[in-house]
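Trainee: Residue numbers (our numbering), protein chains in the order written: chain C, 2 to 103; chain H, 94 to 486.
Treat the hints as calculated values from the structure; they're not laboratory data.
Treat the hints with care, since some could be wrong.
[What the hints assert, rightly or not] Capping the alpha-carbon separation at 25 Å, the derived lysine-lysine pairs in DSS-like fashion look like this:
no., chain 1, residue 1, chain 2, residue 2
1, H, 169, C, 90
2, H, 200, C, 9
3, H, 439, H, 382
4, H, 160, C, 17
5, H, 143, H, 169
6, H, 334, H, 285
7, H, 205, C, 9
All values reported here derive from a predicted model rather than from experimental measurement.
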Amino acid sequence: MTQNAESKVTLPRDAKGKRSVFFDDPAIDQIMTFILELSAEVSVVYDRMDTVERLLDEKGTISRDDIEAYRPNEGVEAARNGRREAYLKRVFRMHQESGQKE
Amino acid sequence: MPLQHEHEFLVTGSHDEMNRQHYVSRLRMHILNQIGAGMRGVYENRVKPKFKQTNGRVPKNEHEIRKAMLADSYGKTWSTMMVNCQDMVWESVRPAIERAQPGLNEKVSRVKATHGSIVLNSDVKVPRYLAGADIHRMPGNYHTERATDDVTQGALYDRGRFVYNGGAAGPFADGIPRTMAAYIKARWPDFKPKKILELGCTIGTSTVPFVDAFPDAEVHAIDVSAPSLRYGHARAEALGKPIHFHQMDAEALDFEDQSFDLVYSCIIFHETSRKAYPKILEECKRILKPGGQMIHTELTPVANMDDFDAFYIDWDAYYNNEPFYQTYTSLDPEEWVTKAGFEPSKFFQASIPDLDRSPPDVFAGAVRNPTVADRKAARVGESAKWYTYGAWK
Ligand SMILES: C[S@@+](CC[C@H](N)C(=O)[O-])C[C@H]1O[C@@H](n2cnc3c(N)ncnc32)[C@H](O)[C@@H]1O
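The shape of chain C in the complex, shown without the other chains (with noise of 0.2 Å):
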């Protein structure tokens, strides 16, 4: 398929208008989109472990292209969820003394 400048389709990263600050300091805002991001990271890496992990268990070796096409099923994106919620608990928990009653 030819690709002219026409056809090619990229995409903004920002929304349109002023981006919001809550800080004072700006770098406080910038810096909670770089732990954000990375806690992402975290995550995905660990669900490619859990891929290979679990196709390890049924096949005995596996390839990438075997990692790169699995998909998991309800079963497995429920654990999956369980995971990433107490990750998430671990993580991003609030200083008590922010006003947070557990």
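Following the hints, put chain H with the ligand in place on chain C, whose structure we already have.
Mentor: Using the frame of chain C, we list chain H with the ligand on its own:
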């Protein structure tokens, strides 16, 4: 979280991208529900007393609450997490959609209108309230076109909205319209609409349940956003659902007077404007046949909410690019429906329990005994009830 139904045109992503999307869903729920759970305590125990000390009184409305909450470190942290996560939702789907192009546009352009149809009209102008802001911070909104026959925004909305909801609206992201259709059938079993119209259908996820609920009806759906309509048409064809899509402005419909038995919408008014809202209601009145029904699901009016919950509405208006959200929820639907020419005695409203998230007897109870959520009952974002209103012509 249920997995999303994968129709032929859905773009999900690679192994890792999908896991990232599913994580972002969970992250959003964690911020809303776990971190969000601390917000009221922070307000009651810290923000309100401090405000009282400085001003000699408590905050008088949701705007003052927002300002005071955002001066607090907990409020700041929650807010920056919310905005960041909102952007992560769209960012988690973006790369896969870019990769799928231009093939996706081409694949959609080859779709044959077998079950339904699509009529686009490039004379339809995108209203200022849509052109001016990327609602929900979705880059490009519903309408931006980046190529010939572009469907990118439809694809972004389909997958991104599922990530955003964490699948709470079911595999077809249709919890609200399915609830509405079931409610109409249960409450008015003798009402058998033959011609149905949805306003602001986007990609038709809210149209399909009405096709299923009223299989004998002819179902039409309109929106101003061409990329969403193209994608929605392809999706409906892939699902085998007869829907007639039209590019039209709900403020000035091309349909004739008295041509529909049922006209409805799912959560569109708060994304329009103070001027558009009454015009759309008048159009509903005009195109309905005598004895026809108009019904809309929207946000609960602020009058039915306590100030702290209303603060979330205020927050969304500012930080989630929903400029009309706040004004809309301050309006009294009954007043405006009546002004549009419907008889006051023909007005109805009810808070309907979500079909998937409430036991059958609770849903049946709400049908027998329609009520509107009491003050304090309406929690934004977690509510399992949908505020619905309308009128018979
Ligand atoms: C929140 S979305 C609706 C979501 C959809 N009903 C659903 O439940 O999935 C709002 C939609 O209304 C459309 N819209 C807003 N103002 C409109 C107008 N005046 N005429 C037609 N469509 C409009 C937008 O293009 C957008 O697709």
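Trainee: Each hint: holds or not?
Mentor: Do the hints match the structure? See the list:
no., hint, in the structure
1, 169/H with 90/C, "holds (19 Å)"
2, 200/H with 9/C, "holds (15 Å)"
3, 439/H with 382/H, "holds (14 Å)"
4, 160/H with 17/C, "holds (23 Å)"
5, 143/H with 169/H, "holds (16 Å)"
6, 334/H with 285/H, "holds (19 Å)"
7, 205/H with 9/C, "holds (24 Å)"
In summary, this structure violates none of the numbered hints.
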